[in-house]
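**Q** If you want the building blocks of each chain, they are given just below.
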Amino acid sequence: MAEERRQKQCSVSLPTESMKAMAESVGVGQLQEESCAALSEEVSYRIKEIAQDALKFMRHGKRRKLTTNDIDNALKLKNVEPLYGFQSQEFIPFRFASGGGRELYFYEEKEVDLSDIINTPLPRVPLDVSLKAHWLSIEGVQPSIPENPPPAPKEQQKVESTEPLKVVKPGQEEEGTIQGKSQGATPADGKGKDKGLIRLKPRSTHELSVEQQLYYKEITEACVGSCEAKRAEALQSIATDPGLYQMLPRFSTFISEGVRVNVVQNNLALLIYLMRMVKALMDNPTLYLEKYLHELIPAVVTCIVSKQLCLRPDVDNHWALRDFAARLMAQSCKTFSTTTNNIQSRITKTFTKSWLDDKTQWTTRYGCIAGLAELGPDVIKTLILPRLTVEGARIKAVMEGPVVSNIDKIGADHVQSLLLKHCASVIAKIRPQPDNMEQYRTDYGYLGPMLCSHVMKARTQAALQAQQVNRTTLTITQPRPTLTVSQSGLSGSAGSRTPSIIKVPSSLTLMTPRPGTPSQPSPPATKYIVMATSAGASSTQQVITLSSSQSASPVTSTVPSATSTLQPLVKLESGSGPGLTSSRPMQKYIVVSLPSSASSSLETKSSVLPTSISTTPLEAAMKLDRSESPGASTQSPH
Amino acid sequence: MAAVQGGLADTNEEKDIKTEPSSDGFGNNNANDGRVLSTSPGSSASAGINKSATGAPEDQQTLLAVLQFLRKNKLTESVEILRREAGLPEDSPELKGSDSSGAGSGGAAGSGDKEGGDASSLLSRVTISSSANLATTVTSSVTAAGEDQPDVNVVLSAYNQQGDPPLYQVYYSGLKKFIESVLDCHRAELSQLFYPLFVHMYLELVYNNHESEAKAFFEKFSGDQECYYEDDLRVLSSLSKREHMRGNETLMDFRTSKFVLRISRDSYQLLKRHLQERQNNQIWNIIQEHLYIDIFDGMPRSKGQIDAMSGSLAGEGKREANKAKVYYGLLKEPEIELPLDDEDEEAENEEGKPKKKKPKKDSMGSKSKKQDPNAPSQTRIPLPELKDSDKLDKIMYMKEATKRIRLGPDNLPSICFYSFLNAYQGLTAVDFTDDSSLIAGGFADSTVRVWSVTPKKLRKVKSAADLNLIDKESDDVLERIMDEKTASESKILYGHSGPVYGISFSPDRNYLLSSSEDGTVRLWSLQTFTCLVGYKGHNYPVWDTHFSPHGYYFVSGGHDRVARLWATDHYQPLRMFSGHLADVTCTRFHPNSNYVATGSSDRTIRLWDVLNGNCVRIFTGHKGPIHALAFSPNGKFLASGATDGRVLLWDIGHGLMIGELKGHTDTIYSLRFSRDGEILASGSMDNTVRLWDAMKAFDDLETDDFTAATGHVHLQDNSQELLLGTYMSKSTPVIHLHFTRRNLLLATGAYNP
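Residue numbers (the UniProt record's numbering), protein chains in the order written: chain D, 1 to 638; chain S, 1 to 753.
I should point out that these hints are in silico values taken from the structure, not numbers from a laboratory. Quick caveat, the model's predicted, so the values are computed rather than measured. Keep in mind that a hint or two might mislead.
Below, in silico cross-link-like pairs of lysine to any residue (SDA-like), each with a Cα-Cα straight-line distance of 25 Å or less [to be verified]:
#, chain 1, residue 1, chain 2, residue 2
1, S, K303, S, F178
2, S, K399, D, I138
3, D, K78, S, G534
4, D, K78, S, G537
Bound-form chain S, shown alone (with noise of 0.2 Å):
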């Protein structure tokens, strides 16, 4: 497992660093999400000034255009720093250590209460007299150079633009009128910007300390927005005062990225013409400062089409991040002589990847070598050796394919509850291993138990002293090493000091990781029981790990809104996913490695590039944080469900949303396909397994050739047709699923009386 090259962490780790600013589609924003949310201060703020510096040359001129203002208004401090974070030439290092009060710059980041007070109130300055497109350059430059706190001022200080606060209602409701009143065609369209409107101006309103207006407004419009923003709106109903938007995340969320919304030319000219005619400059500003408009052209889309986007806390991914070549094929399985097998089947076998059959058939039948031209090469990212255990195993799993059940919607896999009793509301995270003989359950107690399934009992190795008694020639010496005296079927493996929230077992079964609500990840032995390494990063909560399906690589994520990268020989992650707003609840490896996926309580998913880092699609569409994620086992699909109890299905290879799934009731806490990906199984805290025909979800939309071309969804309801079972258990919440290698659903629980 360890036979990986050292260089290629380093090396992968320049990359990292050079390619993450662009690693989503929001541009120059996500230098901020960068300092917001990075823990290691030293690489994203090193990153900030490559991307100044070696940006665009557009962002070479407004950083000029910058200066010449700030000289011209005599801000010299200003100016040198600026200068000096830019790594624009004239550096004056003597300059480097003056404290930057009343500077009014970035660089002013972490300084006390009032310095931070005279700055924003400087830069407000600013930011009224300068053109809005110039503001928020000045902004985000300046906060991009800062340190890894934002300075929360500098943020909000683009709210600072004075308008007559009573006046605001008289704005929205006049665009209400307005939008209310156009084509049908385009209502929908233009619905869309109520929300975002309608969040900045209340946050401006609160900004400017405008409070029982802000109240006022907000009882006002409030019940006019989509029912899915409830959650934000609680959020948002809390915060009254300038005080509290220090510090809170969804207001910096809101501030630190822009809302993306989607409209057709037409529409949007419609609008524009009418905010000019008005001379509306205050939702003008708001639009131009705080909104990212993608306009498309051609028809605009329906309230229907719309709705199933949306619900993101920033809106929906622009169409460009979405564009990204995804190489989401599988790997070719390396070959494998089957010297115990008599019947020689030609070993060819998806390596490491145990669920795929489709495929696998394929280069079966077809026995030529080509590559699929949608996966990635094979050495595009360096993946263990196999070793020789690794190998029987892959017999194994071949022997066990060929007795495998095909499932259909006539052919319902059996499903077996495991269970878990006197769990007192404690069992948090469950996962089996691939060939389904263990188990492993995290708790709130922070302990991780792993149980036997089959009657193989689990065994500690011997101590070192013992190990030097045995034999070491010996045939069996493998089945010498263990202890019998340390049998048993479960095992309790301490060492976490919070929640146990995600668990992953190794494929090789040799290992098992386990990530808590103390913000580490801990690496467990199978062998000997204990812990060997503790991964620290994360410094608040992980909520979710899982190992790569060729092992050596993991991910995780957490309440630190980053994902990261990790290989099992390397203390410090190899990769940091960074872009998502919100906390990263799950995380889900491809079944070629090559990409990991990300869910959120931000409300979308990310795909990311294992290779550099780069954020390669963002799936909008759930109304409520993400918990559970599935690959389907050809790679080409990707199934999430979340808190709203629906499942939404994406292509990976077009990006596109292809499915919705309604009839869970409850969160959606476990997903996943059937061994040949005909069946999709989702288990909910609403006591129930379903089973859904994915085959057919799937089909009805690869023929449709529009949606692919336009990135606009039209889905049908078709939840009832696809529904092939409802299973409900009794009082358990279920909360992981398998499929074993012969296509027998497995599901836990923990049963709550």
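Okay, chain D solo, but in the shape it has when bound (with noise of 0.2 Å):
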């Protein structure tokens, strides 16, 4: 392979036709082959040895990245005058243009106006090199501390939970365990060496240091006790941390015992603050949950399927633990499942098992129906609707029927507006137009009349919307030379760095349907995060995320089921088009808009915008019991 690459590195130099281009670009025309192969050797000659000079200088600056001003200094090395401009924000300045056969990268030169560049307020000055000092490491043991890198990385967890088995050689051993062995760990020293060949599985330690055990008692607490400003702590602390791989085994116990031991005393309240550990413990990025899901799973759809959550179901809003625990089971199921757990299909099997149930009581039904729903409009389309027509006359049994309790009556509801709020929207896309009330009758049932209201709404709202999205990704994809790009990873540093203003109508807010969903934890793809303040009234601010993954056309045109008329917070967009099958949207642009008392704010993505939220326990609390918003305050830990 080291013969292939070199034998590459030996042929690699210029294609005539770039000395072609340039000899033009500098009104030289009908240049010969022969002098176009000469030259472009002696330009591939001297910008490689202009490259390995500016290497140099990389090594010496102490850098892996080579810099412009590395490939200055190495000009000036050989008295060439350097290339200016070349200072860009955008670490690859060139842009693809192709056409008439021709391929071509060009450095983009925009047209700036000067009155934009004027009216923008001033970056702020960047922060001065400070310094800061930490233990890296005492009396040979690396302390846990932030400063310090999580004891063993995501990778590293996983390596160990699927190989548990491996082959330790002489000498060989000390290599895997050199990060246990800073942690204190004693160092086994030639213990492998008369051995030879032994299988071993690795010594792992179960152990806590005193204050891991403290840490872990204080989180648990914080978790399920009273205070809702430290559960907002604890919460943040566990979705953040990153040393916390050595407890996880504790705080999976801790969740699933608590399940199940809540379920039993129907301690709705309990049931929340668990699931919402859950959330946490999936958002943090360095934690590797695939061990513990025998026992998160279970605990998660306890709380989606369980007969009684509640003491008083007919009063708590035990549904809205419910949708929360199905968005959650859904965003496992898109992160974990793989094709040797299949956990997708084997959740699906499950709800709707007990779903085809007759004898299940209306909240199960709900919470599988819910499961179900948030799994994507894929299964909404195969396993939903075919039995809308189904679950409708049961509705209309309970909804018309002569004697009912009234906790029967509630639910009866509850599983028709869910029904109609999930399905409104698949059906608006499969669905080709005139929407009338009798072929909907004659297709869905009882339902019918209901949901074509419903989708005849969302067709409206997206057709609204596509107009609304159109305008604003004018301005969003524009690759404005003020528009400061900051990648997903940076998230820490995106509060230092300035961002750039531009503008956005202000009538863009729109209402949510779904609002602030758990969603996946954010694809490795680039996020965007503009902050606009709207030109007139300083009251109102906007943020616009944009999260795009690789293939995704930044046009979208998509509705989301419109619900009711609540306060205009969050609108989201999900781009997955009729055609596309992913269950996963493709795009998404989420506008949230901060209303002008600045008393609460919400939270779009996981952990994009580190919003502070001044929500009281009571809030939070009421704010569970509202239909429509348990994602909000569920995810206002942040």
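Quick one: dock chain against chain with the hints and give me the complex.
**A** Take a look at the structure:
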């Protein structure tokens, strides 16, 4: 392989077409082929030479990335005037274009409106260099503090859990356990030497340090305690702390046991708290949760389908918990489902089975439907829509039938609105236009007419949004020179960088179909955060989060099922068009408008915007009771 | 600090000139190096003349032979010039001004391309017709006589012996087949030939404009070369035209230095016999001309032994290059009265040298003032006298030393990490003062920043007008001269016009040195926080600089391949250490200030004698540019780290490699021994600090006499046993390490989110 690479090195040189193009650009036409060949070799050689010198500067600059300054310095060595004007904000400033059988990369120079620049407030002065000291090691042991890296990176956790048996050769052991060694484990000096090749299960420590035990105690107490502020802090810690992996088994057991006990006792509040812990764990990017799904998934499913979750089913809003848990379930399906564990299909089967059972209670029925519906439009299409007629009949029986308990009636009512909510958007996509009330009735039975009106509403909504989205996307996608692009990995520093300002029509705010869906951990695609202030009214502010997957086109045209007329806080548009079969939305624009009072803010994406929320515990509890916004409150602790 | 007799520098300079040509083991090639590298043409040219004139008698003989030859061919002009340059009698000064067009002599240096071409073709004729030995002498003596710019054509013309280009592949594969078929014990040794032969054959093809053959040759055989030559191969591969050879540094390195191989006598005989049988003159000529084969008697070396030592740009160091005596012992510390201390500890402390405990203990224990036999005499080089403040500092140092923690495998040091935040990839160099009270950082934006890490803030001295007002007789005058208004935790020093790559505090904390891309070394006062001197001499980026542990002297090294020794009160260097074939990337003073170690991109480490400028050690074995050096506190050992991620340990006295520490996965930028020399800490671009058991590494090998006698190392792979700990930082490359006087390890780096 090395040979191949070298051969390649040997032969790489600029194509003669480039020479021609460059010659043309300086006014020399009709360059002969031989001259081009000679030139290109010469130029390639010089470029390589300069690159090699530039590498020296990079090494001495103690960097891994070659910068334009290094090239400048290398040119200076050769007594060549450096290139000016390559201090680009983006790392690679080139754009690609093709046409007429030619492909080329060019340096994009936009026309910049001076008045725009003048009117833009000055960016903040970058922070000055400063020194900060911390303990990297104390007498040979690395303390677990935020300044130090997590003791075991996610990959290593994965390796540990997926390859429990490995062949240990003498001397090799230490390599694997370097980390453990620095953790204070006693070095196994030469133990393996005389044993030769042995299949060993690597030792893993199950002891927690005193600090970790204290932390665990504090966190679990705060999570299920009464103080909402503390809980918020604790959940935040779970979601972000990089060093939790050693405590993960404890947390997992805590949640699983907690759910088991509290379901029996019908303690709704505690169940909600535990689910929020699950959510926080899932949000933590450094944890390898796969190992503990066997405990977490049953707990979550319990919270979705359990017959009774609260003491007074007629009053308490356990539906919100079911919704929330269902979303969690959907999220974990997306994240963890593989061909080996088959989580999604197993979960789907479980839900379908109990839904099909006639004796199933309305509460469980609701949970099953919610769980299925959250799995995406495909699941809705194949599993829920065909059963609408049957379900409709059942609901009708309860609603219009003679003797029913109040509880059943409420349950049926919730199931009905749930079905309407989820199915309308899907139907809007798959059914051709004229929405005929009668047609719907024949197709979907009792629920038909209601569905029809919902679908119509959804369609108008979609049209309206498509319009507006088109308008805004124009503003967003245009790579304007003032647009700061920050990569998702830099979320921590996003605060210190100055977000630049672009203008977005202030009328954009729209309502949400699903407020603050607990989305899957943000995919590694780029994410753009754009802060915008509307021109005149200084009171409103908008944050546009734009996360794009690789292949998605920026224009979206789809409709979320519009629901009632809530205070327009969040607009979420999922761009999985009718033709797309993927269950995961290809592209999302989330627009959050912050109310002027600034008393509360809304978090859209998992960890992109570290907004603080000042909800009192009461408020949070209240929110849960509002059927539409459990997500908002559950996400608040970020 | 400035109390050195003025006479010193001058006399030394004289010596410098005389000794420079023989300053390394590469014989007359060194003169070429000087030409290539030197930026002070005057002195080095004269050195060349000196050398030819005063050189060994056989040199004269060859010269005469050459003259005779030239005369026979009626090249009268060349005869004159050569004679003139060589300082032989029958000078004809009127010819001096004549331009040497067509004369085909080295005097054509720097003349136009055409003339150079003529010259080279003429010369090449000479080369062809004369015996190989003579030819090299001609070229080298001619080059030596040239001006500071080498005439590329002359240098290259040695390649001009036309063989049949398509046959080159046959030659090479013939040799390959032969080497593959010899006995195992010889194969490893003879395999060393592959790389230099490959390079020279390729260059020959390129030089003779056989471009396609050269390319084919390269593609066919480049894959066979050892992986650690990959960087050089990349350079070679880009070089495909004769025109490119002009000014290509790597190429010049190959040409101007002989590639040194160590081969046992048996293997050599085998090779010789084979080549003679096959009448393979092409290869034989290359071996004669471009290779230096260091033949030794005894067992052929194993593959491992060879790999350990090879990798440098010009092969291994010759054995005799490392034979010179090195006084690696420490200087006796001056006696210091301890007026402040009621317990009268015998004040014996090594002066200025912070990092030693072991020798100190010895001297304290025995209390005899007997000189270490390996130590240089106290006055071998003049050192500045101690001032009162220095003595106070020594006392502080001793007090601290008594509280020092004894480190060992079971007692690892704590590490305190200083992260530079918001440096935006701009941090390029860091240094600590010996007492760990100040940190200085060099940045890519040309600034130097100094921080105080103690509560004591940094203050400037008052202005001259204000200084007049203070009472000079008062006891606290030193306190009074400081301007309270300027107190701050950090100060910025502006002055450089390029990234600052090297930085070093003076031992007395009054000065700071910084070296930069702009080609200067600057001396800053930490009293006034202003620049005092800009030392110009390196015309290219200066990669590193380091203060002598006794102050006053400092060393710098840079892209011009020369390391320079300076004294703070001289604006010109006292010594120029030339011999490296590529950039000098790092420089370090020996604890006794008598020697300087330099690491280079040519993948060698050299040790230079400050007294006479000689190169006394050449260490080869690294496979990448060297970026870190550290002397053990007792002065006996040297540790080096390179881009290949390995730390190598060297015994200075015997000139041997004694250890290899593998573990890092990226460039090592920092090495430091603990104050007692028991722990070696290494910091790397891979974001880790690693601790190694230095004591064990040294002990293991000190028992082995065999290696000392033969010079052949046999390293066991015990890195894992020697590794005591690995500490990962959070995406912060470790670029500097420092042990405080109490053996707390300080590490620094810039956080790269």
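**Q** Take the hints in turn and mark each one as holding or not.
**A** Outcome of the hint check:
A distance of roughly 17 Å separates the Cα atoms of S:K303 and S:F178; the hinted pair therefore holds under the 25 Å criterion. Using a Cα cut-off of 25 Å, the hinted pair S:K399 and D:I138 holds, with the two alpha carbons roughly 23 Å apart. At most 25 Å may separate the alpha-carbon atoms for a hinted pair to count; D:K78 and S:G534 meet this at roughly 23 Å. For a cut-off of 25 Å, the pair hint linking D:K78 to S:G537 stands: about 18 Å separates their Cα positions.
Hint compliance for this structure: no hint is broken.
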